[in-house]
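There are 2 protein chains.
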Amino acid sequence: MTSLDAAGTRTNGEDPGGKPVTTANQKTVVDDTSVSALLERGRRLATPVLRSAVARLAPPMDTVAAYHFGWIDAQGRPSDADGGKAVRPALALLSAEVAGATPETGLPGAVAVELVHNFSLLHDDLMDGDEQRRHRDTVWKVHGPAQAVLVGDALFALANEILLEAGTAEAGRATRRLTRASRHLIDGQAQDISYEQRERVTVEECLEMEGNKTGALLACAVSIGAVLGGADDRTADALESYGYHLGLAFQAVDDLLGIWGDPEATGKQTWSDLRQRKKSLPVVAALASDEPASEKLAQLMAADAKKSQAEFEDFDEAEFAARAALIEEAGAREWTSQEAKRQHATALAALEPVDMPAHVREQLTALADFVVVRRR
Amino acid sequence: MTSLDAAGTRTNGEDPGGKPVTTANQKTVVDDTSVSALLERGRRLATPVLRSAVARLAPPMDTVAAYHFGWIDAQGRPSDADGGKAVRPALALLSAEVAGATPETGLPGAVAVELVHNFSLLHDDLMDGDEQRRHRDTVWKVHGPAQAVLVGDALFALANEILLEAGTAEAGRATRRLTRASRHLIDGQAQDISYEQRERVTVEECLEMEGNKTGALLACAVSIGAVLGGADDRTADALESYGYHLGLAFQAVDDLLGIWGDPEATGKQTWSDLRQRKKSLPVVAALASDEPASEKLAQLMAADAKKSQAEFEDFDEAEFAARAALIEEAGAREWTSQEAKRQHATALAALEPVDMPAHVREQLTALADFVVVRRR
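Quick mapping for you: the protein sequence lines, in order, are chains L and W. Residue numbers for the first sequence follow the numbering used here, so the first one is 33 and each next one is one higher. Residue numbers for the second sequence follow the numbering used here, so the first one is 33 and each next one is one higher.
Only true hints are included.
Copies of the same chain look alike in the list, so a pair counts if it works inside one copy or between any two.
Subject to a maximum C-alpha distance of 27 Å in a straight line, what follows is the list of computed BS3-like cross-link-like pairs (lysine-lysine):
#1 K310 with K117
#2 K339 with K173
#3 K173 with K310
#4 K300 with K373
#5 K328 with K338
#6 K300 with K310
#7 K373 with K117
#8 K310 with K338
#9 K339 with K300
#10 K338 with K300
#11 K117 with K173
#12 K300 with K173
The set of hints was computed from the structure by calculation and includes no laboratory data.
Produce the entire structure from the sequences given, and follow the hints as far as they go.
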């Protein structure tokens with residue numbers, strides 16, 4: 033985990049895990065330029081294809097989708113809103129290079145994965161009643177629930193359409209992997225919803241849910257380009273394993289940011305996940321710990337559960353800060369930070385047996401590092 | 033249209049088009065036994081595969097889906113509710129026989145098409161706010177909107193999963209057709225929603241919407257088995273054409289039943305589509321007609337449009353009867369009935385150039401006849 037630790041240096045000593053992550057002996061730096069360039073290439077190549085795919089939708093779905101992607105505002109005027117990090121398309125293009133193919137070979141996969149990701153965002157925001165995403169009103173809030181359902185469906189169908197258009201055996205194999213990932217995504221959302229209604233969720237259940245919601249599609253992104261480029265199933269499976277654990281590392285960091293993230297950077301409220309009473313990894317890990325703080329947290333949460341959401345959100349900042357402090361006292365902030373590092377290491381280990389060009393391996397490594405040290 | 037007309041005899045002289053459809057010279061009878069046997073075979077072969085597919089879903093989605101299909105009631109007790117006519121699976125199995133394959137060859141296609149159909153029902157009922165389907169509360173009404181979104185998504189993903197599992201080139205081609213049909217289905221729902229908000233819809237727009245909502249998936253059902261059985265694209269396209277026009281015939285009859293259907297048979301309220309202010313084919317055809325009744329209807333509808341849905345539904349029966357009478361006076365009940373017959377004839381004409389076993393052709397013909405004379 034040399035590079036991960038060193039990456040901590042870059043973020044000036046504190047990561048969301050709350051501990052300085054640099055040790056004096058570890059000096060490698062994350063190749064930030066390389067990651068930016070990779071994400072930029074993903075956006076540059078995938079966006080035009082994504083836009084022309086979305087333009088196939090019957091009105092008003094094309095407009096609603098364009099709003100969701102940040103290409104227009106709520107009034108239909110051209111806009112250049114933050115469309116997300118676009119990690120998935122970048123991974124899909126790099127994935128093609130693993131198989132020795134051009135990045136462009138992975139393009140239908142990049143677009144398909146991005147479409148499935150956005151289908152799930154549209155539906156999840158509606159199901160969860162989330163009103164904001166990327167500093168903007170969500171689709172159901174602006175265009176109504178029916179359009180959120182409909183445009184989500186359309187993006188999902190479009191993903192398979194784009195991928196199958198080549199009509200090759202590779203496209204068929206890629207579609208099977210995408211379909212499997214989509215089912216995991218849906219399973220994960222089902223688990224997320226049902227866990228919210230339960231008093232206790234185990235750490236294992238939480239990890240399974242996060243693996244489904246985040247790991248499965250990243251796994252697909254990082255294997256789909258290789259499959260389109262003719263890689264065998266063994267290579268594709270190893271890449272999936274990298275992507276899956278990368279997803280779990282990503283989600284662990286997300287869960288840390290959801291509690292201790294800087295609102296300026298994340299675009300979310302302070303203590304965002306606590307306000308939503310999310311049973312995220314730090315919360316379930318805290319409840320599972322043997323520390324005295326765990327019992328105190330459980331008591332507070334049992335009382336919280338009796339409150340209405342509105343009542344709960346009206347809490348004083350200090351109330352949320354107290355809960356966050358208990359989670360940290362129970363050791364769960366540190367545990368989650370370590371968990372991110374463990375998943376990061378497992379991801380990189382999965383790449384080892386895969387034969388690939390050196391520059392591709394470097395970039396996959398840099399991307400894994402980036403995911404773990406990001407602040408938004 | 034010999035057999036269609038004769039089929040009218042079977043329904044005792046009046047079809048929902050309101051005119052006796054028998055002429056003295058046309059005596060062929062619809063082979064009712066054959067259609068029942070075909071639908072029964074579809075259900076018998078497809079249901080176990082459908083059930084085991086649905087059992088793959090993570091809880092509680094498996095239970096919600098089982099409720100939707102009528103296998104359990106709202107309390108989770110085993111049930112044997114009406115699961116619909118299951119025309120699509122029956123067509124998919126027959127479709128395999130067109131290509132000289134066994135009906136079982138079409139089974140993954142039958143199940144996939146039925147899953148897509150039910151995905152669209154789950155989401156459409158939610159978007160349209162429909163509280164009843166097949167005499168039972170809809171899924172969103174029983175299990176909440178989030179489950180309706182989620183289980184719909186899961187059935188959609190499952191459809192592609194089931195179809196792609198064989199891993200053959202035929203499975204890939206079949207999935208492309210299914211994906212195209214799914215996109216049409218979604219386009220049709222988008223049109224349906226947007227037409228509801230408009231004052232005027234042309235007959236052409238209405239037919240396009242109905243072709244998307246009903247034609248496209250029937251087209252897929254009747255070609256998917258043949259594709260899985262190795263048929264070439266020309267054969268599959270001809271079968272799609274039969275299915276598409278069969279769908280338009282089906283929908284024209286549905287629109288007649290939506291106004292003049294017998295509530296006992298259809299399970300819907302009297303004047304069901306008028307109560308919902310649906311711009312169905314008889315309504316748009318009446319508004320497009322030159323008859324004086326057309327103008328009167330337009331005036332009533334303009335006044336109706338200013339009323340709230342609750343106010344409107346509280347109308348006296350006589351108010352709806354008056355609107356139905358104006359539609360009939362404008363010639364639109366007869367026109368829609370004739371349109372069903374035209375689509376029926378076009379469907380059968382599409383089959384002519386396709387080489388297939390005689391008993392398969394007979395059954396496709398009998399099915400087309402059944403669709404047009406049905407009373408529910």
